[in-house]
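S.K.: Sequence:
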Amino acid sequence: MSSATLNWGPPPPRPALEGGVHVWCAPLDPPAHVVGRYRALLAVDEGARADRFRFEQHRRQFVVARGVLRTLLGRYLSVDPRRLEFRYGSHGKPELAGAFAESGIRFNVSHSGELALYAVSRGRELGVDIEHVHPMDDGVDIAERFFSAAENVVFRALAVSEREEAFFNCWTRKEAYIKAVGEGLSFPLHAFDVSLAPGEPARLLGARDEEQAARWTLRELDPAPGYKAALVVEGEGWETECWSWDGHGPAW
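With this note's numbering as the guide, the letters of the sequence shown map in order to residues 38 to 289.
Misleading hints may appear alongside valid ones.
Pair ranges (Cβ atoms, derived) [said to hold, decoys possible]: (1) R86 with P225: 26 to 32 Å; (2) E276 with A138: 39 to 45 Å; (3) P47 with G272: 45 to 51 Å; (4) S223 with S115: 21 to 27 Å; (5) Y125 with E276: 26 to 32 Å; (6) G135 with D174: 24 to 30 Å; (7) P50 with D175: 31 to 37 Å; (8) D174 with S223: 25 to 31 Å; (9) H70 with A196: 45 to 51 Å; (10) D88 with G272: 24 to 30 Å; (11) P131 with A251: 23 to 29 Å.
Taking lysine to aspartate or glutamate pairs in the EDC-like style, the calculated list, with each CA pair at most 20 Å apart, reads [as the list claims (entries may be wrong)]: (12) K130 with E202; (13) K130 with E220; (14) K130 with D178; (15) K130 with E276; (16) K130 with E212; (17) K130 with D82.
Because the hints were derived from the structure by calculation, they are not lab data. Predicted, not measured: the structure shown is a model, and the values here were computed from it. Note that beta-carbon positions come from the ideal geometry of N, C-alpha and C, so glycine has one too.
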């Protein structure tokens, strides 16, 4: 089992998606027999992608991340996870394809360290990002390169002791936003502003297209100690429910 302590509890029996957003946190190091079970769910192209990883740890984590995704979506759709097909937008955002393209299910995935996050909704585009917090000796240089001018002003004004948390606040919020929008690296990280100071609520403060930015709501997530995470969802008036995946198989 993962050494990370999850902050979220188990789900209720068969949670209904309806108009809200479900977020799941899953450990990426289950027992070997579970990894094998997840491997059996993967499509041929996914298995080939897994085999291209040089290191066993990375190969295993990819298999688990994709296996959990297939199991989760299969549960929401009440189908065999092996039947699911995926396609990718012009900038790499994944979505359901084939017989399930019109299901209305939207999802996004992120993983870092020992954990993966899965955000699922019905009819709302969304993006999620998780990062394992660690010392950033080059944090100021990275911020100068990727953060907006306004964000850099705030970042440099913080005490050195606050910058690590602020860096990962900013990074996860930006990544979640560009993943939700679906423009990938074509949308520069410095082209919009988010809140980042420790203790400040997660907010999208400005973007190159204000009308477009108004479509999205940004929220902070707290999946486990030592991690930062953020969720961006289309529209307003939705509730977020967060659960932990047991790491051994179907969650419900």
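S.K.: Evaluate each hint against the coordinates.
M.R.: Evaluated hints:
1. Taking the beta carbon of each, R86 and P225 are about 27 Å apart, inside 26 to 32 Å as hinted.
2. For the pair E276 and A138, the supplied restraint of 39 to 45 Å is violated, since their beta-carbon distance comes to about 26 Å.
3. Between P47 and G272, the C-beta spacing of about 28 Å breaks the proposed range 45 to 51 Å.
4. The supplied range of 21 to 27 Å is broken by S223 and S115, whose beta-carbon atoms lie about 36 Å from each other.
5. At roughly 29 Å, the beta carbons of Y125 and E276 sit within the given window of 26 to 32 Å.
6. As the Cβ distance of G135 to D174 is approximately 46 Å, the hint placing it in 24 to 30 Å is violated.
7. Separated by about 47 Å at the C-beta atoms, P50 and D175 break the suggested range of 31 to 37 Å.
8. The given range of 25 to 31 Å is respected by D174 and S223, whose C-beta atoms sit roughly 29 Å from each other.
9. Range check, H70 to A196: about 48 Å between beta-carbon atoms, so the 45 to 51 Å window is met.
10. At about 40 Å, the CB distance of D88 to G272 disagrees with the hint of 24 to 30 Å.
11. Look at P131 against A251: about 25 Å separates their beta carbons, and that is inside 23 to 29 Å.
12. For the proposed pair K130 and E202, the alpha carbon gap of about 27 Å is over 20 Å, so the pair is violated.
13. A threshold of 20 Å between alpha carbons decides the hint, and for K130 with E220 the separation of about 8 Å falls inside it, so the pair holds.
14. In summary, the hint linking K130 to D178 is not supported, as the alpha carbons are separated by about 28 Å, beyond the 20 Å threshold.
15. Using a Cα cut-off of 20 Å, the hinted pair K130 and E276 is violated, with the two alpha carbons roughly 23 Å apart.
16. This hinted pair checks out: K130 and E212 have alpha carbons roughly 12 Å apart, not beyond 20 Å.
17. Taking the CA atoms of K130 and D82, the gap is near 17 Å; set against the 20 Å cutoff, the hint holds.
Violation of the numbered hints given earlier is confined to hints 2, 3, 4, 6, 7, 10, 12, 14 and 15; the remaining hints are satisfied by the structure.
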